[in-house]
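Asks: Quick mapping for you: the protein sequence lines, in order, are chains A and B. In terms of the numbering used here, the first sequence has 171 at position 155, counting the first letter as 1, and numbering is strictly consecutive. In terms of the numbering used here, the second sequence has 229 at position 213, counting the first letter as 1, and numbering is strictly consecutive.
Hints in this document: simulated from the structure, not taken from any laboratory. Possibly wrong hints are sitting among the right ones.
Same chains, same names: a pair is fine if it fits in one copy or spans any two.
Unchecked claim - Here are the simulated EDC-like cross-link-like pairs (lysine to aspartate or glutamate), alpha carbons at most 20 Å apart as the crow flies:
(1) K184 with E102
(2) K182 with D170
(3) K20 with E107
(4) K20 with E145
(5) K20 with D34
(6) K94 with D156
(7) K184 with E157
(8) K77 with D141
(9) K77 with E53
There are 2 protein chains.
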Amino acid sequence: MMKKLNLLQKKLGHSFNDETLLVRALTHRSAGSRHNERLEFLGDSILSMVVADALFHRFPKVNEGDMSRMRATLVREKTLAELAREFELGEYLILGPGELKSGGYRRESILADAVEALIGAVYLDTDIERVRELLLSWYDERLNDIQPGVEQKDPKTRLQELLQAKRKPLPTYTVVDVIGEAHNQKFTVHCLVDGLPDPVIGIGTSRRKAEQSAAEHALDTLL
Amino acid sequence: MMKKLNLLQKKLGHSFNDETLLVRALTHRSAGSRHNERLEFLGDSILSMVVADALFHRFPKVNEGDMSRMRATLVREKTLAELAREFELGEYLILGPGELKSGGYRRESILADAVEALIGAVYLDTDIERVRELLLSWYDERLNDIQPGVEQKDPKTRLQELLQAKRKPLPTYTVVDVIGEAHNQKFTVHCLVDGLPDPVIGIGTSRRKAEQSAAEHALDTLL
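Just chain A, same shape as in the assembly (with noise of 0.2 Å):
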């Protein structure tokens, strides 16, 4: 375990003084007791006030809503498990059986958690400057080609804005099922869209997550 933690350290670009953190923050909540929440709470806070900072020196004419906009394209989900497929995290990740049976769908907030638990558990390592420097590297280019205005729209608002300038008729969001305890669902959505022949599937663990799912996977087709 130790040599193959190494060459993930390489690629994060940290080598932990205390590797128990390191495992800590590999270590999701079905794998028992020592598992990532507390880290990923502590890193989640980190890194937007990391990406706060560096929006606001960035940008010195953007007003607030704009920074947001960004800040939350660059701390949201997706690009989170972005960054932890660029690590190999995958491999990485300590599962409980029941996780690594369900594989797929809950994968990317697997992976996505798990960043924020590396920025704490790197914050706690050493410092909050060292986690900054570390953060502008993972986010440098991000941080270069991100601007304030349209891209940070939602996918459910970016689709209809597509559609609506083609001249098309709205896409329409079924909830097609929904399965699993009160939370821990996962639902699962059709988006029909104008122009597309097959409903485009969405899953989420919420209505509104599996409806953006699905419109971000109507745009790839449609873009």
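Guided by the hints, dock chain B onto chain A, whose structure is given.
Replies: The following block gives chain B in isolation, referenced to the frame of chain A:
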């Protein structure tokens, strides 16, 4: 103005190197283009991080859900407006003519926003460690008093639980008035509670906030 600002700086516990930051933090958007909304964005994220970090270390055994609820209590508008009143911030706010007249219901959020803007201003004036130290002094008592558990529930939940415990019917909420344009609306809600002769009134910038406000007033009356 400068003499007056010296008194405020004493109350805040920070003497600004750059007093234009302080003036900016006190300037509501109604008073002109050099207003405090960008500072508020920055300060909000700093406050969240500092409070998350403080809770993480003070409550080593508490799960992330309880930490989130405690943080929400500590950074919510009501708490920030309390801090503002401790600093007598209302006397220093720079408001446009419209806001000066409107008084009342928007006051709480303007005060809370200005506290966040002050946090952003102190950060830009110094650095993260200095602003952390200052925030921990502002929050000293609140951090000592806060405990994981029931108090962090929102007012509607607490009202419902109180009535259930007394085997009384649940409260009902009705929107009785909405005024203003799309992004600046004011909702008025009536909350009917068994045992109270008149509906309890709540006002807020969204239906949800107006309902929470009504529930809070109902709790004040019942407890």
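Asks: All the hints need checking, so say for each whether the structure fits it.
Replies: Going through the hints against the structure:
no. : hint           : in the structure
1   : K184 with E102 : neither (37 Å within a copy, 55 Å between copies)
2   : K182 with D170 : within (19 Å within a copy, 44 Å between copies)
3   : K20 with E107  : within (10 Å within a copy, 60 Å between copies)
4   : K20 with E145  : neither (27 Å within a copy, 35 Å between copies)
5   : K20 with D34   : within (16 Å within a copy, 50 Å between copies)
6   : K94 with D156  : within (17 Å within a copy, 37 Å between copies)
7   : K184 with E157 : neither (35 Å within a copy, 58 Å between copies)
8   : K77 with D141  : between (35 Å within a copy, 19 Å between copies)
9   : K77 with E53   : between (36 Å within a copy, 12 Å between copies)
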